[in-house]
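**Student:** Here are the chains, one letter per residue:
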Amino acid sequence: MCVLGYVLRRLLLAVFVLWGVATVVFIVVRMVPADPALLIAGETATPQQLAALRHDMGLDQPLILQYLQYLGKAVVGDFGNSYLQSVPAMFLIGQVLPNTALLAVLACALALVVSFPLGLIAALRVNGLADRAVTTSSLVVQALPGFWVGVVLLLIFSRTLKWLPSAGLTNAQSLILPAIVLALPFIAILTRLTRSGLLEVVGEGYIQTARAKGLAERTVIFPHAIRNATIPIVTVVGLEFGTLLGGAVITETVFSFPGSDGCWSRPSRPATTTSPRPASSSSPSPSSSSTCSSTCSTPTSIRE
Amino acid sequence: MADTAGDPPLLRVTHLKVAYPIRSSVLMRSIGENLAVSDVSFDVRAGETVGLVGESGSGKSTIARTVIGLVKPSDGDIEFEGRSISGYSSRRMKGVRRDMQMVFQDPYASLNPRLTVRDLIAEAWRVHRGIVPSNRWTAEAKELMERVGMNPDYASRYPHQFSGGQRQRIGIARALALRPKLIICDEAVSALDVSVQAQVLNLLDDLQTEFGLAYLFISHDLSVIEHLCDRVLVLNKGVVVEQNGTRELFEDPQDEYTKALLAAVPVVRPWLDPAS
Amino acid sequence: MALLPKPAGSIAGGRIIYRGRDLAHEPVKQVRELCATEIAMIFQDPLSSLNPVFSIGYQVAEPFRRRQGMGKKEAWARALDLLKHVGIPNAEKRIRDYPHQFSGGQRQRIMIAMAIALGPRLLIADEPTTALDVTVQKQIMNLLADLQAETGMAMILISHDLGVVADVAERTAIMYAGRIVETGTIREVYDHPAHPYTRGLLDSIPSTSDIGKRLTPIVGSPPNLLALPAGCSFHPRCPFATDICRTVEPPLRQPVGWLPGHEAACHRSEEVLAHG
Chain A
1 MCVLGYVLRR LLLAVFVLWG VATVVFIVVR MVPADPALLI AGETATPQQL
51 AALRHDMGLD QPLILQYLQY LGKAVVGDFG NSYLQSVPAM FLIGQVLPNT
101 ALLAVLACAL ALVVSFPLGL IAALRVNGLA DRAVTTSSLV VQALPGFWVG
151 VVLLLIFSRT LKWLPSAGLT NAQSLILPAI VLALPFIAIL TRLTRSGLLE
201 VVGEGYIQTA RAKGLAERTV IFPHAIRNAT IPIVTVVGLE FGTLLGGAVI
251 TETVFSFPGS DGCWSRPSRP ATTTSPRPAS SSSPSPSSSS TCSSTCSTPT
301 SIRE
Chain B
1001 MADTAGDPPL LRVTHLKVAY PIRSSVLMRS IGENLAVSDV SFDVRAGETV
1051 GLVGESGSGK STIARTVIGL VKPSDGDIEF EGRSISGYSS RRMKGVRRDM
1101 QMVFQDPYAS LNPRLTVRDL IAEAWRVHRG IVPSNRWTAE AKELMERVGM
1151 NPDYASRYPH QFSGGQRQRI GIARALALRP KLIICDEAVS ALDVSVQAQV
1201 LNLLDDLQTE FGLAYLFISH DLSVIEHLCD RVLVLNKGVV VEQNGTRELF
1251 EDPQDEYTKA LLAAVPVVRP WLDPAS
Chain C
2001 MALLPKPAGS IAGGRIIYRG RDLAHEPVKQ VRELCATEIA MIFQDPLSSL
2051 NPVFSIGYQV AEPFRRRQGM GKKEAWARAL DLLKHVGIPN AEKRIRDYPH
2101 QFSGGQRQRI MIAMAIALGP RLLIADEPTT ALDVTVQKQI MNLLADLQAE
2151 TGMAMILISH DLGVVADVAE RTAIMYAGRI VETGTIREVY DHPAHPYTRG
2201 LLDSIPSTSD IGKRLTPIVG SPPNLLALPA GCSFHPRCPF ATDICRTVEP
2251 PLRQPVGWLP GHEAACHRSE EVLAHG
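Residue numbers (my numbering), protein chains in the order written: chain A, 1 to 304; chain B, 1001 to 1276; chain C, 2001 to 2276.
Note that these hints are calculated values from the structure, not bench results.
Heads up, the beta-carbon is just placed ideally off N, CA and C, and yes, glycines get one too.
It is possible that some hints are incorrect.
As the list claims (entries may be wrong) - Stretch by stretch, here's where chain C covers chain B in the computed footprint (C-beta under 8 Å, at least three residues):
#1 1119 to 1128
#2 1167 to 1180
#3 1195 to 1203
To be verified - Here are the simulated DMTMM-like cross-link-like pairs (lysine to aspartate or glutamate), alpha carbons at most 25 Å apart as the crow flies:
#4 Lys1142/B with Asp1153/B
#5 Lys2072/C with Asp78/A
#6 Lys2213/C with Asp1153/B
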């Protein structure tokens, strides 16, 4: 009963957060000195054509009205059309988001499965050989840039060994490499978190109590220590999952994966971006599109 | 007694009430309040030691923090030397703190580990200008260290290089730096070994005689209170259940809670105690 | 109990004889077998000693389930009995609650329930009431005394409070700087302290008889355990110290005229006794 109330309160709070985000996106897009009408009509359009286009898109209305329309439609799930592809933004996202989400879930699962035992081993043998190997390699792995690892893995497993497909999403196998690349830095973070979390917990009084009860060392760790050590891990996984969805863009570009990456940018028009017109939004974060355009050149050279 | 003398007491607390609001998690709306202290009144006269005793949650620390201005009272009045200070802004409180200092329970946590003993003591003079000229700071700090029984040669050491008892002496020297009239001791000897605790209690006693200090002494330890205080207030759940002269209160407790509290104190040599 | 943190501490020498077995030389795993069934322990801070993410029922039932292979239902029923026995009010309902939902005294009761679950012959209580208020302390000590009378278990009570020890224990060992400096029956040791440290401790405690007088503390502060003084570690603080104290470490001994079992580690015990 208490938990249910808590969840309901948080959900209520989430509505406010979404509203805040939508508002910020709206304001930021208005502040960007780019004219969507000019973008669509092209440099050669006459002022009359531009005015007509603006009128069509509702851009000539007062800001507050635009804002209210935008909010009103967003509430019922209508985020308008993409400026670039003239299809509903929701449709575009609906096409590709499942792929990205699949990739993110897969990477997340992989990270948990790998990092947990690694962290456990490191924590149980503090300062031992295994511990040092795990902590050092996690540091190295976290420092490697994702697009570089992707390219190297592609060269090894697709080009040289020809074990795995190099691009696209054709079968389950084509998920393997992108998922690994996406999971690697996450594995590094979670391993270290598991290790430090466990080490901290093992020093607590209740672990001493568990030992004083004469429980086997195995029972002291499972479940007494583990259950407490998982608390920060769950928090970080929740937070990092969002990052994983965003970080997928780069990986997807490297592997030409049909994920949300295609929604933000097209190889032919790398600098474009969908933006919420009055009553429409697909709310891309500006950073993800810019990082993408700066890294897009890498994969194209590979694919040739 | 102070009233008959005509002189206003050094500190007068009347009908003090302190409540902490309970806020809802979503809108931070106040949805109720936790009453920490309700309707507490007492006086502290110059040169006198008044004890506040009670168990955890009784509100004794809240009273101390309210008197020194760290917590705002919900109701009631605090007078210091006849002036009401409960509505003072933090700037005006600064002036009052010259005369009213606090010594805390944990001498380690309350001393900045990056400052030397000399700097810790001189810090008060940096904040309150015009008491000690800056070229005298080192000399005065060393004098104070000597006064609280520390070797003045250690003036350039850091708090972690001292034992608990020594650190509490630093805390007392720091409080003395402004030559206050009232020192509030919040569990000031509770974290110390008995043998060291006795040293600090003796020191507090000596300083009182020498400077005519008044103490508001907060402790859960009844034997310490009995030893040091002239008058005692017994607090239970934010309410003063009994207040009396120390001897009278310990020899003839009136309130049931006071009786229970006194009965619960372990006696060092129970075989000498006819009652048990 | 083989609870020492493994990399940091280890037994450097000596023996721990429990019923004819030397635990100091047995592997950790074998010693842990004795934990809870033969030797049990309760700790100072009952909040951190209970696992916050398991209900108290789970934790109290755990010894039955893991050590005796009892079924879940049966173990749960036994846990409920224990909780009632140690005085947890409304135990049927509260057995599903988590440690943070209990008060300090109740938490210590839960710890005690857990410790006595498997009927140990020896209970080690490490500062069991230090974190508690005096009235609660009294209740917990009474509970421990009742349980002891009922089960006939032996108890080692570790405390810094001479009063708490005097109430419950029959014999005492006074420790200073990692060594036992005096041991004997409580009355012998408290009434005729033969080690200057014991004397100093007893004199340091404020008591009814010395109100208004100065306390007699032990001078100086406790030694740094990494750099103990040569000879008797107490000599820098000792009023009786002579040359031999600075060079030769005194062994525990029972000089002429003392009751059997009363021993002290002091070269000058005779003089200390004569002074008392």
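**Student:** The structure should be examined with respect to each hint, and the outcome stated for every one.
**Tutor:** How the hints compare with the structure:
Counting residues of the region 1119 to 1128 of chain B whose C-beta lies closer than 8 Å to any C-beta of chain C gives 0; at least three are required, and the coverage claim is violated. Under the rule that three or more residues need a Cβ within less than 8 Å of chain C, the assignment of the region 1167 to 1180 of chain B is violated, with 0 such residues. Judged by the Cβ-Cβ criterion of 8 Å, the region 1195 to 1203 of chain B is covered by chain C as claimed, because 7 of its residues qualify and three suffice. Note on lysine 1142/B and aspartate 1153/B: the hinted pairing holds, with a Cα-Cα distance of about 8 Å set against a maximum of 25 Å.
About 54 Å separates the Cα atoms of lysine 2072/C and aspartate 78/A, which puts this hinted pair outside 25 Å; it is violated. The suggested pairing of lysine 2213/C with aspartate 1153/B is violated, with an alpha-carbon distance near 31 Å, which exceeds 25 Å.
Hint check: violations occur at hints 1, 2, 5 and 6; the rest are consistent with the structure.
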